[in-house]
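*Asks:* As they're listed, the protein sequences go chains A and B. For what it's worth, my numbering labels the leading residue of the first sequence as 1, then goes sequentially. For what it's worth, my numbering labels the leading residue of the second sequence as 1, then goes sequentially.
Any given hint could be a false lead.
Computed spacing ranges between beta-carbons, pair by pair [what the hints assert, rightly or not]: (1) T113(A) x L41(B): 28 to 36 Å; (2) G20(B) x H91(A): 38 to 46 Å; (3) H87(A) x M1(B): 23 to 31 Å; (4) K23(B) x N32(A): 39 to 47 Å; (5) M99(A) x H42(B): 38 to 46 Å.
Bear in mind the hints are in silico, worked out from the structure with no lab data behind them. C-beta atoms are modelled at their ideal positions from N, C-alpha and C, and glycine is treated no differently.
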Amino acid sequence: MPPSRALALNAISLYAVALILLAAFAMQLIWNELPCPLCQLQRICFALLAIGPMLNLHFGLRPSHYAVSLLAAVIGAAVAGRQVLLHILPHDPGFGTPMLGIHLYTWAFISFTVAFVAISALLCFDQQFDGDEGQDVVIGSAYVNLVIWIVVALTALNVASAFLECGFRACPDNPTIYDLLQRRP
Amino acid sequence: MEFTILFLAILIAMALIIRGMRKAAFGLSIAIAFAAAATLLHHSTDALNLSF
Numbered sequence: 001m002p003p004s005r006a007l008a009l010n011a012i013s014l015y016a017v018a019l020i021l022l023a024a025f026a027m028q029l030i031w032n033e034l035p036c037p038l039c040q041l042q043r044i045c046f047a048l049l050a051i052g053p054m055l056n057l058h059f060g061l062r063p064s065h066y067a068v069s070l071l072a073a074v075i076g077a078a079v080a081g082r083q084v085l086l087h088i089l090p091h092d093p094g095f096g097t098p099m100l101g102i103h104l105y106t107w108a109f110i111s112f113t114v115a116f117v118a119i120s121a122l123l124c125f126d127q128q129f130d131g132d133e134g135q136d137v138v139i140g141s142a143y144v145n146l147v148i149w150i151v152v153a154l155t156a157l158n159v160a161s162a163f164l165e166c167g168f169r170a171c172p173d174n175p176t177i178y179d180l181l182q183r184r185p
Numbered sequence: 001m002e003f004t005i006l007f008l009a010i011l012i013a014m015a016l017i018i019r020g021m022r023k024a025a026f027g028l029s030i031a032i033a034f035a036a037a038a039t040l041l042h043h044s045t046d047a048l049n050l051s052f
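So here's chain A without its partners, still in its complex pose (with noise of 0.2 Å):
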């Protein structure tokens, strides 16, 4: 695999890990499912897998980088494991509202397992670790600076949930208040 077409897949996993966390602010803003401890916790863990591409598409392919997210997504899948381990037993109603039928942990859980399947895949081909052929076509193009600049700035938007929800406390384990604000959602 050339070094561009492994950057253009890096580029693309970004835009996945910005999908992610949009649809999170949308439950949170849209309906009102403010996130309890562990979800801003797997929220973290999928900021943190967006490190690993940003490296690669700043500075250039290298293992220590997919290292990174590799990292993240493990962490990730083991938060996310342990929410649907709380709600597993039956007639449990679990927490928060489903998406297609499988509650957010359950499709966190999913998600962090087919990123690591997915740069586990990619760290296959060691070709791309080779020179830095077409690497200057995809660094620096607007289809990459958009999508960093997604991420950075739903990052920046999780720093003021989780501020605003938590205040300077520990956060509730049912959260349905911004804290800060003192008023529901």
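Got chain A; can you put chain B on it based on the hints?
*Replies:* Then chain B, alone, in the frame of chain A:
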């Protein structure tokens, strides 16, 4: 509060990448990953109601 700090740390890591500071961004990202794992373990105090 810890989640705000973790998100802020990720934002700083992203800013370091954009500024061209690769080693600092990489080191901070690894530190954030371990902090996230530590946060999970800290919050995993509820017993799982499983039968096995």
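*Asks:* For each hint, tell me whether it holds in the structure or not.
*Replies:* Right, here's what the structure says about each hint:
1. One distance hint, 28 to 36 Å for the beta-carbon pair T113(A) and L41(B), is violated here, with the actual separation near 21 Å.
2. A C-beta distance of roughly 54 Å is found between G20(B) and H91(A), which places it outside the suggested range of 38 to 46 Å.
3. Between H87(A) and M1(B) the Cβ separation comes to about 26 Å, which falls inside the hinted range of 23 to 31 Å.
4. Between K23(B) and N32(A) the beta carbons are some 42 Å apart, a value that agrees with the proposed interval 39 to 47 Å.
5. Between M99(A) and H42(B) the beta carbons are some 28 Å apart, a value that contradicts the proposed interval 38 to 46 Å.
Comparing the model with each numbered hint stated earlier shows that hints 1, 2, 5 do not hold.
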